[in-house]
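A.B. asks: These are the residues of each chain, in order.
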Amino acid sequence: MVKKLVVIGAGMASGRALEELFAKDPEGWDVTLFNAEPRGNYNRIMLSPVLSGEKTFDEIVTHTAEWYEENGVTCRFGEKVVAIDKEAKTVTAENGDVLAYDKLLMGMGSNPFIIPLPGHDLDGVIAYRDLEDTNAMIALGDKPEAKAVVIGGGLLGLEAAAGLALRGVDVTVVHIMGHLMERQLDEAAGYLLRKALTDKGIKVMCSANSKEIVGEDGKVKALMLDDGTELPCDLLVMAVGIRPNVALGQAAELAVGKGIRVDDQMVTSDENILAVGECVEHNGAIFGLVAPLYDQAKVVASTLAGEEAAFVQKEVSTKLKVTGCDLFSAGDFADGETREDIVFRDPARGVYKRLVIEENKVIGAVMYGDTADSNWFFGMIKDGTDISDMRETLIFGPAYQGGEPLDPMAAVAALPDDAEICGCNGVCKGDIVAAIKDGANDLGAIRATTKASASCGTCTGLVEQVLGATLGDDFVIPTEQPMCGCTDLTHEDVRRLIKSQELKSMPAVWQELGWKTTCGCHVCRPALNFYLLADWPLEYADDPQSRFINERKHANIQKDGTYSVVPRMWGGMTTPDELRAIADAADKYNVPTVHVTGGQRIDLLGVKGEDLPAIWADLNKAGMVSGHAYAKGLRTVKTCVGRDHCRFGTQDSTGLGIQLEKKLWGSWTPHKVKLAVSGCPRNCAEATCKDIGVVCVDSGYQLGVAGAAGMDVKETERLADLTTEDEVLEYATAFMQLYRENAKYLDRPYKWVAKVGLDWVKEQVEDEATRKALVERFEISQSVYRKDPWAEHAETKAETYAPIANLVQEAAE
Amino acid sequence: MSDWIDIGPLEAIAPRGARVVKTAFGCVAVFRTAKDEVYALDNACPHKQGPLAEGIVHGAKVTCPLHNWVFDLETGHAQGADEGQVATYPARVEEGRVLLDVEFLNNRTAA
Ligand code: SRM
Ligand SMILES: Cc1cc2nc3c(=O)[nH]c(=O)nc-3n(C[C@H](O)[C@H](O)[C@H](O)COP(=O)(O)OP(=O)(O)OC[C@H]3O[C@@H](n4cnc5c(N)ncnc54)[C@H](O)[C@@H]3O)c2cc1C
Ligand code: SF4
Ligand code: FES
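Protein chains in written order, with UniProt numbering: chain A, 1 to 813; chain B, 1 to 111.
Fair warning: there could be bad hints in the mix.
Below, a list of computed lysine-lysine pairs in the DSSO-like style, where the Cα atoms sit at most 30 Å apart [stated by the list, open to error]:
#, chain 1, residue 1, chain 2, residue 2
1, A, K499, A, K755
2, A, K314, B, K48
3, A, K80, A, K24
4, A, K55, A, K4
5, A, K321, A, K203
6, A, K504, B, K35
7, A, K787, A, K797
8, A, K672, B, K22
9, A, K80, A, K298
10, A, K608, B, K22
11, A, K762, B, K48
12, A, K24, A, K86
13, B, K48, A, K361
14, B, K22, A, K200
15, B, K48, A, K258
16, A, K147, A, K221
17, B, K22, A, K195
18, A, K621, A, K361
19, A, K588, B, K61
20, B, K61, A, K608
21, B, K61, A, K504
These are computed hints drawn from the structure, not numbers from a lab.
In isolation and in its complexed conformation, chain A is listed as follows:
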């Protein structure tokens, strides 16, 4: 007997289920197919090529009118099912028709999630789910100078953005997370993707929070972010996620969690109702990619045909359908102690591959730029292949398996003379060998004579191998200290490359310079954070998570986990009011210790972390700001009483000290920087052992630099003899900036000057144009950093200083 099957939703899952069913049991079913969309089944995932113009809609239709007819399917397209009566075994259509069924198949897919921002119901705010949405975007392309904003930097959002861009629309992607497609990609791959999209003219804003959709006459006009940025647009696409379409199931009182619950046979809590696709929940999981839905479709067909079958969840993989962005991700790529990474980076080709290995099996893979081997790796993830025998060459893919691991030296020796070694400068192996024969016998000489490895530096290792292969035992490949275990490059190399390759973010550094770890370590991150903010003060945003605790919390941590608080006393000067405010703060916050520091100010030691924002706010009220006693930055400017009081004083040492401190405070430096100004050569402010020290004399000012009085004691060296205060300010600032731009992280000025030589420093600072340019760059940086972090944190970040939760009650119960 022919049974009645009603299907709700002509989607990708139900379409496949019907195909499978008719193949098994061509005569057994009388099918009625409802679809809310006014059309039959089509390949929804190919809407993106339709949007970009690479395909037409007709090409992506999967089931034609003839197919429905041949298989006896009654089509009710453009009609919704509005109710199910599971006792009576009937469904009700939108027009009131009631249809009886023997079996019901639910395949309603999901609903795009719309963030309920103010203005989300304006005209021109759309999702990206069906042909109507696609057509709205295509239509925008015909409008001259059209602008669109896409909220969501996941798979769908990026495909929408890329399609819009190909249609000539000016597109901005606004993404709330720190990097694109964070669910599928790690930061490095996210960085490469962002770069590729930017090259296509798409603007990408990460860590951006939407606040409001601004409209005019009921139509969308702009998106406003919570930092006040307004992004004008004619169309706003929200692609922020989907929710299984469960309303009908809920109304029919089926078991519903996140989706409509089904068992392994795809049967819901009612034995005559099956469900398939994105609307279902199986074993707590919901689905958003077609591969598992096709497996479900097979099981549905078997169950209906009375055969045994069970749905089993498998690994899924993701590819982005944007031409020119080859990326692939599968499995699990979170870090963990038992997990190891194999990372391969080829900066020049923009290739990044990462395999996550656990117990000799590949459990996750991310690749960008070259995804040719992705299926091979995906197979290994699914099969749990033991990779111990091919570990060394695994990342190079199937083509490299079975051979001997290469000896890099032998490989270089075997290169022909016309093999290119340095891509930037087009230097071949033959050129280098010739230079060596002419007497260049170390890296510096090769750089000077051939320019090989003198630009981006990534071929340095290769050049050294050519030297080794040519000179034999006469050449020992130098082992300069790398920055840390994450890279073979030295601090100096990294600084140079950040500038020459214009690397402006940490993921950019990690990728372009071939970092061996996914996100650095506690040694390189603070250094990189400094290099990046010093070189790109306006473009790079300081990363508090890459700072040591003292700089992250703007206070010195003590051995018992409390903190010390040192307000600035400009040039060592204070007032009775300030002292009273400090005393009040000490009382109010039960500060156990008050110490007069060696830097001419007062230290409140033993403040609880939670109290920091409050004590800062109190000190702010009395006009005091952070003393940066915790910072690799400007610390104190000590002064003596000088001309105003002292019978030997030659100049206003206190006033000059205050001016210097007001100019330099807030700036970050490779290590801490301390200054002093003494009013005469008796030098009561100890200016001759400071990083920058001024000794006033009758004729003007002696400016010394590179002194020290910590682990090493060293007298300053004279940088210049100057006649006015303005000159002192200018020279001191120029020296500070030169140090910021060139020194290795954690080198005090005296260590750095010893490396580059005082003569070179003098040459830079004495040349007027260079000096003025240094000062100008310092001021640009100060436009961002000359501010009180205490006030900022007390106002905007105070809650992060408190515990996130207090479970003292719970735990006691």
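Given chain A's structure and the hints, the job is docking chain B with the ligands onto it.
C.D. replies: Just chain B with the ligands now, with coordinates in the frame of chain A:
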């Protein structure tokens, strides 16, 4: 039996950061990695009780803010040449909320 308790939204913890949860038996540090995994460990370094929540988080590891010992967040084991282990507690994220297992937090006092 597990008894999950909601301690707050994931956004309240910076990626590669941590926040502290106060309990009757001392503080627990709840870490969030760059990939949004969460881990809960005692907020006291086995070396000299350094507050681990204030350390630098890299991968699934944290470096103690006082003397730079490095701990695996998953197991609590010290890395490299240092020896020691910090107690770890079940933690997970569900729909943007961070959950801790109270049973475990309580049980540790019995130990
Ligand atoms: C508070 C203070 C001692 C005091 O009570 O007088 C102090 C306290 C610390 N000093 Fe200092 N130094 C203090 C003046 C000095 C001085 C004297 C000076 O500045 O005139 C020196 C020698 C001068 C110099 O720097 O060349 C000094 C040389 C050091 C050094 C060695 C630096 C070096 O390059 O050799 C360190 C270690 C470091 O920075 O790596 C250090 C590190 C420290 C730290 C930050 C150790 C740490 O990392 O926790 C101490 C923090 C204690 C705390 O919890 O607040 N402190 N320290 C002084 C704060 C001055 C201020 O008002 O900001
Ligand atoms: C632009 C785009 C690109 C994508 N790219 C990929 C990709 O590259 N790879 C991948 O694996 N996945 C991709 N997906 C996801 C994939 O398309 C979905 O996983 C898949 O379509 C889900 O199939 P489904 O049958 O569950 O639901 P759908 O295909 O959404 O079908 C459900 C149908 O049910 C109808 N319906 C809903 N309620 C009712 C009702 N009450 N009565 C009648 N009809 C109703 C709807 O109108 C809809 O037509 C993409 C999705 C989109 C939108
Ligand atoms: S001298 Fe040593 S003990 Fe004293 S404050 Fe400086 S660092 Fe600490
Ligand atoms: S207290 Fe943690 S390393 Fe010393």
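A.B. asks: Hint by hint, note whether the structure agrees.
C.D. replies: To see whether the hints hold, each was checked on the structure:
Under the criterion of a C-alpha separation no larger than 30 Å, the hint pairing A:K499 with A:K755 is consistent with the structure, at around 20 Å. Note on A:K314 and B:K48: the hinted pairing is violated, with a Cα-Cα distance of about 46 Å set against a maximum of 30 Å. Restraint check for A:K80 and A:K24: satisfied, since their Cα atoms lie roughly 28 Å apart, inside the 30 Å limit. Proposed proximity of A:K55 and A:K4 is contradicted: the alpha carbons are some 36 Å apart, above 30 Å.
Of the supplied pair hints, the one linking A:K321 and A:K203 holds, its CA atoms being roughly 18 Å apart against a limit of 30 Å. For the given pair, A:K504 sits about 21 Å from B:K35 by alpha-carbon distance, which is consistent with the 30 Å threshold. Between A:K787 and A:K797 the CA atoms are separated by roughly 15 Å; this keeps the pair inside 30 Å, and the hint holds. A threshold of 30 Å between alpha carbons decides the hint, and for A:K672 with B:K22 the separation of about 35 Å lies outside it, so the pair is violated.
Of the pairs offered as hints, the one joining A:K80 and A:K298 holds, with about 25 Å between alpha carbons and a cut-off of 30 Å not exceeded. Taking the CA atoms of A:K608 and B:K22, the gap is near 14 Å; set against the 30 Å cutoff, the hint holds. Taking the CA atoms of A:K762 and B:K48, the gap is about 46 Å. The hint is violated against a cut of 30 Å. Between A:K24 and A:K86, the direct Cα distance comes to roughly 26 Å. Compliance with the 30 Å bound is thereby established for this hinted pair.
For the given pair, B:K48 sits about 38 Å from A:K361 by alpha-carbon distance, which is inconsistent with the 30 Å threshold. For a cut-off of 30 Å, the pair hint linking B:K22 to A:K200 is broken: about 49 Å separates their Cα positions. For the suggested pair B:K48 and A:K258, the alpha carbons sit about 46 Å apart, so the restraint of at most 30 Å is broken. Restraint check for A:K147 and A:K221: satisfied, since their Cα atoms lie roughly 10 Å apart, inside the 30 Å limit.
For the suggested pair B:K22 and A:K195, the alpha carbons sit about 42 Å apart, so the restraint of at most 30 Å is broken. A hinted pair counts as satisfied when its Cα atoms are at most 30 Å apart, and A:K621 with A:K361 does not qualify at roughly 60 Å. Proximity of A:K588 to B:K61 is assessed by CA-CA distance (about 37 Å); at most 30 Å being required, the pair is judged violated. Simply put, B:K61 and A:K608 have alpha-carbon atoms about 26 Å apart, close enough for the 30 Å limit, and the pair holds.
Taking the CA atoms of B:K61 and A:K504, the gap is about 25 Å. The hint holds against a cut of 30 Å.
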